[in-house]
Amino acid sequence: MLRTNLKHVQSTAEYNGLLSDGGKAAIVCGRMGPMCIPVYGAMEALETKYPDVKFFDMEFDAPVARETIRRLPEVQAFYGLPFTVYLKGGKIVHATGGIQSKAQVKEILDHKLA
Amino acid sequence: MDTRWDVIVIGAGAAGLTAGIYLGRARKKTLILDHGTVGGQMILTYAVANYPGVPESAGASIVQTMREQAEGVGCTVLGHADVVRFDLSGPEKVVEVDDEGTFTAPVVILATGGVPRRLGLPSEEAFQARGISYCATCDGDFFTDQDIVVIGGGNSALEEAVSLTKYASSVTVIHEFEEFQAQPWAVEEARKNPKVRFLTSQEVVEFAGEGTLSAVVTRDKRTGELLRTEASGAFLFIGYVPNTGWLEGVVALNERGEIVTDEDLRTNVLGVFAAGDARVKRYRQITTAVADGTVAALSAIHYLDELARAAA
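If you read the protein sequences in the order shown, they are chains A and B. Residue numbers 1 to 114, in my numbering, belong to the letters of the first sequence in order. Residue numbers 1001 to 1312, in my numbering, belong to the letters of the second sequence in order.
The reader is advised that the hints may include incorrect statements.
[Stated by the list, open to error] Label pairs and their calculated CB-CB ranges: (1) P1091/B - P73/A: 57 to 63 Å; (2) M32/A - K1029/B: 51 to 57 Å; (3) T1102/B - G23/A: 33 to 39 Å.
Bear in mind the hints are in silico, worked out from the structure with no lab data behind them. Where is the CB? At the ideal position from N, CA and C, for every residue including glycine.
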């Protein structure tokens, strides 16, 4: 399990539940590595400022990631951790690969999940 | 959160957290801010092997300990704090942080560190995480059995080139000069690895590909000839630049953008000190940042005590 203060998505059923409830969510799929830790931190910092968005992490090497996020067409061109996906209305509305700053995440939340 | 502090430290890397530990122990009310994740470049370091007294550890682990030490002596540490407005010129310094409010203090310590140097090519931005990476340990396994390049000629570049041969079919080191800046042992390690080859005196002019990276185009600095190297990955290790762009005209900077200080780490602005990789110095290590943080904090404590004596 990732050592973050975010809620963890640990099963495919949980992931599918997030999609089917149609709400707004951001999931950071990564490891406890140098490019991922800053993105978890940015999400933690933004959690209280976006009460309508649910923030999660997912362990990149866990079966749940192989069965869900790592299979998405949106991430097939990514060669950098973490993979971050944004959900709204039961769909993936945006995805990023690699390190992102808090400002970059805010920009996505304000425009793609508005 | 309180708005008035004795000291505001801008930057929560090794220098900033160390300054906080000393300031907190001296009972100075200290706020430590960082625009990114607490830890600075340490958090981006997979393994730290040369920090005395600490066996080889993840940078993140050392950061966690330093943060706990700073918070344990009363510092408030705030990560992902974007400074949107500041005025360091008067006796009371003002720092406004997005979403958090406006803070004041008679002393500011600038410990803003460095940021990885980029080539600055438009195509570099386009292929980030689509073939271009800055972390071999994070992204190396995406390039298993593929041809990749490493750009740079220092220790990091050559050490990471060797480590990436665990995954890649071949690693081409592209360097802009004829000679490497890396230590001889690092060059020798790379030269004896059969998967590593070298292209020297090459200036990168473009990253190419459809959606993902497929080639790196360079110009030979001796002949001007363009060369296309097929590669699905490019790892950049071309050093760091001081994170001081926002300080132009605020404190004295040298021609490389480094903050100019005296021996006690005072800047040219009264009540403003600087520590760590953002200031003028030759060697940039966690140990030297920690030393800077100590000196800046002790100088700041002396300054605050003098102010208090003068006011009494």
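So, going through the hints one by one against the coordinates:
1. P1091/B - P73/A: 57 to 63 Å: The hint (57 to 63 Å, Cβ to Cβ) holds, given that P1091/B and P73/A are roughly 58 Å apart.
2. M32/A - K1029/B: 51 to 57 Å: violated (33 Å)
3. T1102/B - G23/A: 33 to 39 Å: holds (34 Å)
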